[in-house]
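Chemist: Read off the chains here:
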Amino acid sequence: MLELAEPLPQTPLQRAAAARDLEAATILPGRAEDLVYEAGGRRLIDGLELRLEAGPLTVLVGPNGAGKSLLLRLLHGLIEPSAGQLHWAGRAPGKETRRRQAMVFQRPVMLRRSAAANLHYALRAKGLDGLPLAELARDWLARAGLAELAGRPARLLSGGEQQRLAVARALSTGPEVLFLDEPTASLDPASALAIEELILEARAAGTKIVLVTHDLGQARRLADEVVFLYRGRVEAQAPAERFFDDPISDKARAFVAGRIVV
Amino acid sequence: MQDFAAAFALAFGLIAEGDAALLEIIWLSLRVSVTAVLIACAFGLPLGAALAVARFPGRGAIVTLLNALMGLPPVVVGLMVYLILSNAGPLGVLGLLYTPTAMIIAQTLLVTPIVAALTRQVIEDLHGEYDEQLRSLGVERLAATATLLWDGRYSLLTVALAGFGRAIAEVGAVMIVGGNINHVTRVMTTAIALETSKGELGLALALGIILVGLAVFVNGCVMSLRAGAGRAAYA
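Residue numbers (my numbering), protein chains in the order written: chain A, 1 to 262; chain B, 263 to 497.
None of these hints come from the bench; they were simulated from the model.
Keep in mind that a hint or two might mislead.
Said to hold, decoys possible - Covered, in the sense of this in silico footprint (three residues per stretch, anywhere, with C-beta under 8 Å from a C-beta of chain B), are these stretches of chain A: (1) 32-46; (2) 93-105; (3) 117-130.
Claimed, not checked - Chain B residues, not near chain A, derived (Cβ > 10 Å throughout): (4) Leu399; (5) Val401; (6) Tyr496.
Every residue gets a Cβ at the ideal spot worked out from N, C-alpha and C, and that includes glycine.
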């Protein structure tokens, strides 16, 4: 996909230095240019242009099938684009960029272990161990309000508790970018509120949030910036206030007004 | 009907008096089949898991072949092992024919495809659920496969059990490579076949009842383990 500007470093010392640079360097902004994703002969993402800057909490909205979830998975490097460019500060999505990102899926994937062990697993995958790992896990369980449920099998937690655990698991690894795919869909208001609080805390701590939601109320509450997706393209991208006051396109206007957009 | 009642009485009598010859046969049956299942798991679990996770040309053919091998006739496996281990065979020098080791080898060959094929199915289902999450967490392929095997451990118990059921019940392979030698290679199934051919139907039936009881007991143990895991939603 993307050509490296410099030849690959040769000596171990150079490699270590390059690795340090990579750790230090930000992966923002993220950029998609003429992005295409095809499946089964259909263009699900169709020439999409997007720029994700450090800072604002970006909310992706749009009708079903607009390609919101697909876009998240492309940005996270879980699937490969069919054509076009996608990069994070010049780096193609892959193992390296994914290390600096985390994702919360619409249906939380709970490993068949205790709530605490789910956190331990994620932290161990990031190379943590021993006491720091245990302390970090305990801290995040407490932040998610799950301290008392630490030993409970994760799959026996309620839907809201599972999603809180999934958000805590994602945030515990200290990602620079956090993707959330409808994290509060089909949750009760109290659980949704708890999740939104975790998200806002993370934003305050400097994490770039990219959130897909169907809930316009949630979009209004959380968004600094709104991206409106329609049929695999970005139909509008604007600061939240402007988007909700005066949506740029007709489709977006209809969507904000609550009319059914197909 | 009278035969059955008498057979049950005989079976309980044999167990109650702790007949030494019977215990020897039961012990050998368990030793051979459990060892074979353990070895089959050592090969079959990683093989099945690798097949579930990997994508390469020809994978479909291998999966189909593996599924077909689940139905390997024990006598054919016995014959193959016999040819290999007999004096004229390539491994004849080892002198393993008509030993419990030969029986273990034959049953391992019989059970490994079962374990591998069923593991492939279990792990593939779990992989579908876990794949994107594990990649999102940055878990490498090998570590992810280990995670799938660990998180699927209770479902895989059933897989091992299917293999054990096959091993403990088969007679064709152990008969050919073991030879049903008294005090050496006689197991439950070969003893039943022998007593039947001798016309000792009551004794054969009693042994059959004990064999079925044994299988039910082992299944019961494993399933109760699994039920506990099910309550914790780990299965």
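Chemist: Decide, hint by hint, whether the structure agrees.
Modeler: Cross-check of the supplied hints:
1. 32-46: Coverage by chain B is violated for the region 32-46 of chain A (0 residues, Cβ < 8 Å).
2. 93-105: The restraint on the region 93-105 of chain A holds, since 7 of its residues have a Cβ under 8 Å from chain B and three suffice.
3. 117-130: As far as the region 117-130 of chain A goes, the hint holds, because 4 residues have Cβ atoms under 8 Å from chain B.
4. Leu399: B:Leu399 is in fact no farther than 10 Å from some Cβ atom of chain A, at 5 Å.
5. Val401: The assertion about B:Val401 is violated, with a minimum of 5 Å to chain A.
6. Tyr496: Per Cβ check, B:Tyr496 is inside 10 Å of chain A; nearest 4 Å; violated.
Of the numbered hints given earlier, the model fails hints 1, 4, 5 and 6; all others are met.
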